[in-house]
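For this one, chain A is given, so just place chain B with the ligand on it according to the hints.
Listed in order, the protein sequences are those of chains A and B. Under my numbering, the first sequence has 175 at position 175, and the numbering climbs by one with no breaks. Converting from the second sequence to my numbering requires adding 294 to each position, the first position being numbered 1.
Hints in this document: simulated from the structure, not taken from any laboratory. It is possible that part of the hints are untrue.
[As the list claims (entries may be wrong)] Think about it this way: if two alpha-carbon atoms lie no more than 20 Å apart in a straight line, the pair counts; the simulated EDC-like pairs of lysine to aspartate or glutamate are:
id, chain 1, residue 1, chain 2, residue 2
1, B, K452, B, D707
2, B, K646, B, E665
3, A, K7, B, D551
4, A, K45, B, D551
5, A, K7, B, E590
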Amino acid sequence: MSDHLSKLEAQSVYILREAYREFKNLCMLWSIGKDSTVLLWLARKAFFGHVPIPLVHIDTHYKIPEMIKYRDRLALEWNLNMVYGENREALEHKLTFPDGKVDRIACCRNLKSEALKHTLSGGWPRYRMDHQQKKYVLDTNKEPYTGVIVGVRADEEGSRSKERYFSPRDINNEWDVGDQPPEFWNQFKTDFAPGTHVRVHPLLDWTELNIWEYIERENIPVVSLYFDQGKGKRYRSLGCYPCTKPVDSTANTVKEIIAELRRGKFANIAERSGRDQDKEDGGGLETLRRDGYM
Amino acid sequence: MIRTKKTAGDWKPCAVTGICDMTNRQRMNIVIVGHVDHGKSTVIGRLLADTGTLPQGKLEFVREMCRKNAKPFEYAFLLDALKDEQAQGITIDTARCFFKTRKRDYIIIDAPGHIEFLKNMITGAARAEAALLVIDAQEGIQENSKRHGHLVSMLGIKQVTVLVNKMDLVAYDKNVFGSRQSAYTDFLKQLNVVPVSFIPISAREGENITVLSGRMKWYKGHTLLEQLDEFEPEKILADKPFRFPVQDVYKFTQNNDDRRIIAGTVAAGSIKPGEEVVFLPSRKRAVIKTVEAFNEPPKLSAHAGDATGFTMATQVYVRPGELVVAATDPAPQVGSRFKANIFWMGRAPLIKNKVYKLKLAATRTTVRLVEITQTIDSSDLSIQEKKNQLDRHDVAECVLETAKPIVFDTAHDCETTGRFVIIDNYEIAGGGIILEASSVEGSILEEHIRQRENIWEKGLITSFRRSTKNGHQAKFIIFSGAVGVGKRAIAKKLEEELFAHYSNVYYLGIANIDRGLDADITGSRDNLEERIRRLGELARIMTDAGLIFITTIDNADDYDLEALKLLNEPNEIVVINVGENELSHFQVDLALPASVDPSRAVEQVIKMLKSKEVILEYYL
Ligand SMILES: Nc1nc2c(ncn2[C@@H]2O[C@H](COP(=O)(O)OP(=O)(O)O)[C@@H](O)[C@H]2O)c(=O)[nH]1
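Just chain B, with the same shape it has in the complex:
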């Protein structure tokens, strides 16, 4: 089997000079997009043929095929021939073609232009460092030319060159080129895309592809090939504020390894051992001790793009999904509401009142659509009438709200922490870039509770009568802390102690909910928020019934506890932390050491409950 990659012939300059340094070659991904029939395949066919990148005999073979079938030869057939070979008769996805110049290796990603292949186009284009947009000189800017401009802009591809093709059909007229250039420039300007260049070409005739055209002497710019070599490799964002999404926290104990490593890929900036960092949203602080590596000498710094890991001078307990920033750098945003541009690919529309999963850098959380501020028709950028949902292939400016505050930047400030995907029914259904933080006039949760309480139907017994009869207040008592610190033993003992003194008390083994009320929730990690919501609603009912309702929660964070506090309103909660306190700002009512003797612990809890008048002095 002959394959395109390995058959790359030498491009002339290498052959001529004999110095084509193949070591440590740069590689660049370029995506090529365009309205159907504007000549994308012909451009690629030309590039491959004119740089001598085709497999031996391919050109002759295709010419011969055309002659036999009495078809005019098309450069696009070259590509089809290669694709068939690659595809072996199966549906074509984003195809990749390889060729090289003296400067570097190229992968040309041929993104299907048709809207039906949006998913594939995005997958292909998102890997590209530069884009070629092909438009037909005669037909001018078409719907897809505009749509593609839009996506290229949203995907964050900074370098764009526009190829005005089929100049032969307009007699290589300078004025036609000029008018296409100014019209498209105006359009792209609205999308904040400023093309690096416009090149008038005729792909079929090979004008301005590898050598400057003799038929367009008025054109003084680069040929397509020169332009490719002019594109700059992705900028390493070393001079930006330090951003490090915590992908995971490792503690591998094998071989007596006692390192606790915060692992991830540096999104922007750089850091050195000894520098102080802040974890967000938990606001914990620590000093970088080491930059860890395997099979390498210890590193003195970590930079944007490095997949690395740190140990800290002091132990901090953080979870995957937090963002590490340098203490002295400008801080990112912390909030639960933001405005974003979203493109939607899902089969089902994006609607309000539905919970979706959001992935932003290493953060995973749930998100809801609050509002669609404007839908943009990507073909003419006109603002459409207000919609209530986003349908497949729509692009819109929306306000979203996450269940917990998350850390983000605007996409303009930092791409990695400024863009996200939305998951619906296990699929990546949409992508978005953050425009700005939105102020919150009451979160969705607060709104929910306000509405719930407005119409809460009460029996004839007031809570005052209930607590007077019971001799204690209704209360939701939560024992928080890490796994295995002895929370459950204390909680059960407390239930027994209170029960012995005629309290209406109930201890709930949290695992019972998993197997019952929460049995429909799968995938433990991501659905924590829904579990919390149900527990909170349950607590609301239990405390309404006048109970002292006790349970334990492993590793609850600040936001979990705040959510439970809200959900349990109008009644109150009491939080007792056992062991290491991993909370950053939530004030616990009592802190107990790990593995404390349950009876001693219960004494302290009772004392605290008395001081809060949850239970009355004389009852015990």
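So that you can see chain A by itself, here it is in the shape it has in the complex:
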């Protein structure tokens, strides 16, 4: 138990079990990226091979197709209770950045924040993987999720370094950064007034390097987009293809990515710098985040 990965793992498992114990309507967001995939793996650790928590994916329909294929493959293989939601209306009316009707921030707000809010509340349709038919069907469960597990890390960017493991959101999904509950001795805020809900952050203490070290140790399957496919480019952070750019790198194995990070190749470049919405306005992500963006 002395090595740092086992310590991080134990703490995350503890948090996941605590969330599972305390919240009746719990879900876990799965963006298909490396962090939330590690989170999913940790759930299998916590629950001894099972994942008794529904996984929610917000489909913007601009995800790189490989991501969706990978999602559905694992959903079937690992027997996941897989649910997705989307902003049908914005997509139909083409209120998106790629369609040229809105800027990047508004696009994110439409396709992610809004879609997320209404998928979590059960207000908009949810689609659930039917394991017999191997396809998605309309989910009959419309209950709001009151606990949402999210794979954010404190080292990702400024606003996230102030998160708690259990972080309350009010009825409007808003986050009061200035007045957060105390958290000590591994006791978290697990009591909530009706109408409020909580974000749970089991990966808060992990770094980008830890994530890759753990993927290597556990041999966790990740999307091949993270690796160089021979063109000297790979993705460091995954999002929608119109707004995500790969970085220059020839790393094509997990080991090589780890070596790259340890060498400090990206020491002065933010992990999400390939994500254009962060740059659009000064505190872009902060604004989105308060509105419930992950």
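Then chain B with the ligand, alone, in the frame of chain A:
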């Protein structure tokens, strides 16, 4: 965007030697606290600058800014500049700064010193393995220096180093340092805190930060940086008695999984398959069969810090919140009253006669304040006049009583099972460490019943006249057992059978209470005790009316039944268990198998009632 973490430059020794092994690096959390203006931010700024941890060009940038605005340069501005970047204009919480030495990575948690930020300070400090307390050599020990010492002690941070800062202002005088050291040592001693070291520094001038000062040749100890590397990582409590709070019990049936796994994180000690354990407070015993894991070969043991799970050689039915201990280890305390040191952060005060929720390790229960034995002014540790309530930011020694007996250790013996938080109005409002078990001269419940019965107003009919007229005694009959064992069918049949023979009998469908009398109680799990209390009070009235009052309760435990028995006094209860008997010491009056035919069951119940003379032989 430039971020502090990734921009960590090499600290010189790594660069010099070229061997800075980045694999499997240790990480340590250090909290830094101090009275406002004693130089905390300057110390951090210095550390970052002198270890080359600042983002490229940051130092020059801040110097340039100062020059432009004709302000003297401050190392503290470095921190402000970083914070702004991190904060993006929103309120700062406990900020974290990262830097590394050859030995390991550090997270310096900058805990806001002001009392208004107590919540944040505690959140930050509780994660720390060591603390740096900064005091001003010239000003000496201030109110907050003392308060912080107190909290560091309560939070259980064992390693403390005191930085006596601004030595330049006292001409690097050995005697000033000596007097600050002895005064603060005396103060901390009362809190059972023995600092690892005192270091005289000048953060502004960089004395004794990364290299030994030429201006304080009399000082022979470590520099601040050396001291950081000297701190020891949190001790793994492997040699302590085994303590395993049951966080949950899993039975996932998917893929024909038939394991029943007792899950949790080992708080102290270790255990191996084949060893016998005791569950407390239920006192059930079992032998560990396996240590479960996913994507790993089966484990041969589990140790402090492991988030793990066990299967048992024999099936035991236990609930989350119990504590597993090794049968051969010293036992923890089991009781409902204890003395604790409490710090209060709630907006509303902690008062008597109010029910709060308590969380201790995996246990959740309700708790009341019995007594405040002494309030301590944390700035001078003087004992204040007796208070009746704890106000925000108060620290006090109190006696608490839980609704049911719980299992605990003193914080001194085992931290995880010796400290707790108190929830008021959905918020963590206080934290406490257990000092000792308190003897109970009658629980709050017993006291309540004594008072209630003293002033119970009776009509003109005595219970004797009632039972004579009815031809049976008044009785509260409870069917207990797991969900789905057929309790309700038997209970209803019994009501019908007794009714047919002129008994005054009433069957209460327990769910009716949920929707009526208990409709205001939300959150089913934690408020079980309040539900039990109301049911018991209701039974008291029903039996006073001379009825045979019948109901069913799912999964009642020993303490639920004991509480109901008390609440129903002076009348008596009869308990009939159906199916697996999960009770450990409560004696049931009759045990029936699960799914027994209701008519056959009722025959047995009637026989038992007759033998107890609840109903008379000739009536049936
Ligand atoms: N003379 C002197 N002044 C110092 C020293 N360390 C800090 N200060 C000054 O004390 C003031 C408060 O320091 P700061 O680090 O902001 O204190 P904080 O409130 O504890 O973070 C600033 O004006 C600093 O320049 C020191 O070692 N010597």
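So, going through the hints one by one against the coordinates:
1. This hinted pair checks out: B/K452 and B/D707 have alpha carbons roughly 14 Å apart, not beyond 20 Å.
2. Pair hint B/K646 plus B/E665 holds up; C-alpha atoms about 8 Å apart against a cutoff of 20 Å.
3. Straight-line distance between C-alpha atoms of A/K7 and B/D551 comes to about 28 Å, which puts the hinted pair past the 20 Å bound.
4. Distance restraint check for A/K45 and B/D551: the Cα-Cα separation of roughly 15 Å lies within the 20 Å cut-off, and the hinted pair is therefore satisfied.
5. Simply put, A/K7 and B/E590 have alpha-carbon atoms about 16 Å apart, close enough for the 20 Å limit, and the pair holds.
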